[in-house]
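Protein chains in written order, with full-length UniProt numbering: chain A, 1 to 380; chain B, 1 to 380; chain C, 1 to 380; chain D, 1 to 380.
Intra- or inter-copy, both count: the list cannot distinguish identical chains.
Simulated pairs of lysine-lysine, DSSO-like, Cα-Cα distance not exceeding 30 Å: (1) 310 x 87; (2) 255 x 310; (3) 310 x 152; (4) 112 x 87; (5) 29 x 181; (6) 152 x 181; (7) 112 x 29; (8) 87 x 255.
The hints are simulated quantities; they were obtained by calculation from the structure and are not laboratory data.
Protein chains: 4
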Amino acid sequence: MALTEDDIQPQMTRRRPGQSAITTPRNEKDRVEIQSGTEFGITLGTPIGIRVLNENQRKQDYGNQTMDLYPRPSHADWTYLEKYGVKASSGGGRSSARETIGRVAAGAIAEKYLREAFGVEIVAFTASIGNEFLFPPTPTHPTSATNPEFLKLIETIDRTTVDSFLPVRAPNAEVSERMEKLVQEYKAREDSIGGTVTCVIRNCPSGLGEPCFDKLEAKLAHAMLSIPATKGFELGSGFGGCQVPGSVHNDPFIKAPAVPAGQTHATVPRPRLTTKTNNSGGIQGGISNGAPIYFTVAFKPPATIGQAQKTATYDEEEGVLEAKGRHDPCVVPRAVPIVESMAALVIMDAVLAQKARESARSLLPPLKGVVPVGQGRPQQ
Amino acid sequence: MALTEDDIQPQMTRRRPGQSAITTPRNEKDRVEIQSGTEFGITLGTPIGIRVLNENQRKQDYGNQTMDLYPRPSHADWTYLEKYGVKASSGGGRSSARETIGRVAAGAIAEKYLREAFGVEIVAFTASIGNEFLFPPTPTHPTSATNPEFLKLIETIDRTTVDSFLPVRAPNAEVSERMEKLVQEYKAREDSIGGTVTCVIRNCPSGLGEPCFDKLEAKLAHAMLSIPATKGFELGSGFGGCQVPGSVHNDPFIKAPAVPAGQTHATVPRPRLTTKTNNSGGIQGGISNGAPIYFTVAFKPPATIGQAQKTATYDEEEGVLEAKGRHDPCVVPRAVPIVESMAALVIMDAVLAQKARESARSLLPPLKGVVPVGQGRPQQ
Amino acid sequence: MALTEDDIQPQMTRRRPGQSAITTPRNEKDRVEIQSGTEFGITLGTPIGIRVLNENQRKQDYGNQTMDLYPRPSHADWTYLEKYGVKASSGGGRSSARETIGRVAAGAIAEKYLREAFGVEIVAFTASIGNEFLFPPTPTHPTSATNPEFLKLIETIDRTTVDSFLPVRAPNAEVSERMEKLVQEYKAREDSIGGTVTCVIRNCPSGLGEPCFDKLEAKLAHAMLSIPATKGFELGSGFGGCQVPGSVHNDPFIKAPAVPAGQTHATVPRPRLTTKTNNSGGIQGGISNGAPIYFTVAFKPPATIGQAQKTATYDEEEGVLEAKGRHDPCVVPRAVPIVESMAALVIMDAVLAQKARESARSLLPPLKGVVPVGQGRPQQ
Amino acid sequence: MALTEDDIQPQMTRRRPGQSAITTPRNEKDRVEIQSGTEFGITLGTPIGIRVLNENQRKQDYGNQTMDLYPRPSHADWTYLEKYGVKASSGGGRSSARETIGRVAAGAIAEKYLREAFGVEIVAFTASIGNEFLFPPTPTHPTSATNPEFLKLIETIDRTTVDSFLPVRAPNAEVSERMEKLVQEYKAREDSIGGTVTCVIRNCPSGLGEPCFDKLEAKLAHAMLSIPATKGFELGSGFGGCQVPGSVHNDPFIKAPAVPAGQTHATVPRPRLTTKTNNSGGIQGGISNGAPIYFTVAFKPPATIGQAQKTATYDEEEGVLEAKGRHDPCVVPRAVPIVESMAALVIMDAVLAQKARESARSLLPPLKGVVPVGQGRPQQ
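Okay, chain A solo, but in the shape it has when bound (with noise of 0.2 Å):
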């Protein structure tokens, strides 16, 4: 595959801090630098080795004398210690959310390899901050997928658009606002506030996932679960959808629109069958099913914040600490590329997976009274 630098920037820019006065104020350039695995701009097949380097880095922040005292609440200090025996002096060592620098760039290759052989499109988008959303919960629309406006809205949003409501990157100017509003007073009050990242995945092939215990959701679950800050995730209808009948969830079955001629990706083989609706989120059984997949990612209000805390130290003690380190008050729309890429990734290796089931397969001579496989609606 071609890759260069330029494959991988843009999504490094997207996750930097820095990028308005409701994130973090620390300025990382976070250049990307290829170091293995491609030459003259093409992957050899061989691990890629990527180096970013940190050039804003300000240890004092960290490391002062109260912070070595106490464990920060409900930060990784004390279970890291619990689990290591060890603690490392520099601002929470490898639970700094930093880490995520590697998945945005992992993300940005699986990605691009996504975009080219399927048209595959994932974009996020910030879905809530604090009691702020762009679909509220109602007795109508317990979940925001049973909202014709909503579906909408997976079916069409670009990171452009998403982009173009920075700060916050709600795509609804008025919800925008008050978002950003919402922030700035946690900002003021040395508090802070979490939020939720909804994801959707558009052309996405059929036939992802695994039946059982790697359901094609579970793969999704783990990976947005292990992305500092995250307290919940859920598929399609989710939370939301144990409020509707099933006579209402259940998505019935239609014959699938054909693909524009036009369109790039025509070429590639679509179900025969969409649904009609989309409660299931695009996965059934585990398994996708050609529609768009969307889940929402729920994240906690940061830890670190700049008001007085009383706590205890590692010893025991009790007594008040005082954070003094950069820190957001909302990480939400820094995630953003962030849960993109981690869901480019999931589904990267369940592509790998299904491709190495349907290419064995077609080696096979053809078996009697065997629907056909992967014989897709013929194109316009």
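Let chain A serve as the given structure and place chains B, C and D on it in line with the hints.
Below, chains B, C and D alone, put in the same frame as chain A:
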């Protein structure tokens, strides 16, 4: 480890259909037989083979002519065909929830170990059915995590109590009654409804889970989303926690209370610090902190309903499908032991990984200037 | 894939004891029953469960009082106890070579696929018993790899021919006779003897195996050394090849001959180059080059012998052990189908991995300035 | 664990080319720099990143016009192209033996742990070059395993002694001299020659390795055959052991001698029984028995030779290739630390797996009627 069928059967029986009028009337006996891996009631260290015969399968329920023509909406029929290129005739084949028998059997073994070794207690219960909640979200408590009554419940609830609220398994007489009524209504309409299961893991050792991709909540989310019909997972404060300010959400540390001397596992070291609140749900930075781990899993309304559904055949023809098989209007009460079992399996894996690390470390000479490891609070 | 018991039984039968006077007299029937994973003779994509009942176990042979006292020399009794802390009463339990039944059943399935998809042929035979060799090392040919007669044999040998030399399965009448006599001598003395099995994999696709830790030969070695009673593995020229100068050992490239049009798998692309000699054994840099892959596996003399042995009890007392169980004086002939099966499993895994890669790559737009991939030599 | 560059550098230096006239003249410095995973000389539990700069790569040696035309015989050029569809210009790219630097660095860390925790000693040495052997096979001793002199050597040999026989690293003055002369002859002819490395692991805990597919010897074979240029692996009596009768080959058990009180690791429990002979090579039934583990690895003559070679171009044209790069006439002496490193990595993995098991088991209440575990022979 001592192990006989008697250690496994109780959870199998709790999972069994036919426990009440509101669950599926199939009256499977689900008797466990250990085939290998033990001798004289003791595990040999080698794989444990278990057989549970299916005594009451009525093939004709499935595989009827109608069902051969239609992929059932929101079921796995269509995606299995897309993935494998063949379809099994017998009731959705591998995607049948009967598959969860194996999970429950394995989970019962893991659970016995965890109980004997650490006094781990894993208890799940129905937290909501449709729009009936044990702890409905309120402006003050958008998440039940901040509600002291909820925290008290998860610290004390046991399986006997949960089962005293059969058929719904929601440990509150009034709510339970409303839930049962709600399910009956859906049953009467040949419709179905979803709900949520909350699960708590008490006395879990600290230090479990990996810091990056295999955070403990990521593994739990993976396991839970691999259960058929699940749509979401949230840890601790979860989605509601996104609406709580960091200053409230952070869990301050306090000196851990001494374990009463009489308690069975008083010799197992516990962390010296614990948290005053538990919005983290017992996991911080991906690693258990020793506090109760709790999480909630969303289950959709079952896809198989008696009502006629307008949908399409495998051959893209519009038509109406009427399912005649036995089916649950609500899977939530039966999901309780399945959630517990998957939780036990995840914790068991994490225990083995952490024990390898701790045990290997314990063989090294002591390091200078490093906090001694595993030096929990001494017992009274 | 079409699959019935008939595809699996033949190799099971070849593995079965009791095929001749020189192998173990246990007359197990080893009938294969497929329990799951197929329907109407076609695989469903889901796990294939197979059952082979043990019809002729005589527990009393093992488990006698003497054997309860002594760990059998060079058997697994002692190390299992050291590992697991318990001992199984029934004949060494899991370390019994009866365990290889599962390997042979699984291998037969893999082999069927490889044969149908690529025309892969896997044939093993006895290469030596004691000091009787099919191709004894000589100063000119310290390795049989440089011997044109040997190369001719591995290019043509088939299972029918190998089995026509039962009971020893060494495809040379004279050597075979000497080997049989040798085994009879050891049997008469209640002693045992080892030997080697050579296996060839023909028509293996090129490109299989990973460049670093999972080289194809590394996976083959892993698989072969996991067979009970094995002591060594060598690929191609092997140990003898260490004595050959590089100028002789290097395999020069030549244009590959065209595949005859009539040949079944003439449509499967083959590499454009092949090697003139094949000291590499079909693998270079860890990756298959399309030439026959061949390797040799060493089997030790069986540990269970009728002769009395001076040894120690579990309680460290000196004493004399006399084993009364049924036992082979030489396992080499029966190991032939086991070696073939493990080879099939390794190649199948490598095919799936490489097909994932090739198939994924084939969906990308063509790269400029890069040699097109998979553009094998056209057929005549 | 305490860890600095000084723990890693010695093995890196032993692996380095340019140690004598008979190895490659590239004079790389191979200085190790730890980039992450330690702080103040102590490991943090997180991944350890190490950098070794390549100070002396001469790209022009490779990548010349001739080498662009020809795949080098018995090198990875052709198979990499078959696998990946692209070729790297720089000297075979990933298949360069320079890749083994990472193995040696990682191995040094594993080895430090094993030495500190158990007193494990891993020592490899050159056992043969061409037809010069430390212990040539004889009719009495077709395997050196039955030769008491060999057993004495593996029980006592250390690295200082091995390195005192540089450049060949065969611990016998007379044989060493003959080997050195032999290599010089091959060098003079611009040819190359192979050989074998024997490695011993002393004080390895018992109980390591899995009973079925991941037998300890299978993992060792996998690891060794993943080293570039290897052709074979044999454990204990190995290929020669196939010629020894079972009555001689079996290793009788004896009471283990007490560990002298003064010995460093006298507190680590050792098995109560050991074997009188050691044809098993320290592993029985796939599991270590506590006796010295020893094995031999075959290395082929290096493929890159100065002599002109008749071969074919990538375009199937016949021609003559003359390699101009720097190259070793024999890789065996330099392979010594690589073999040691891979051995350390395999043992480390097996230790962690077994410690997980033992540690988990130790938390259970004692079982009735079961031999207590890990109750080694008490020290004097």
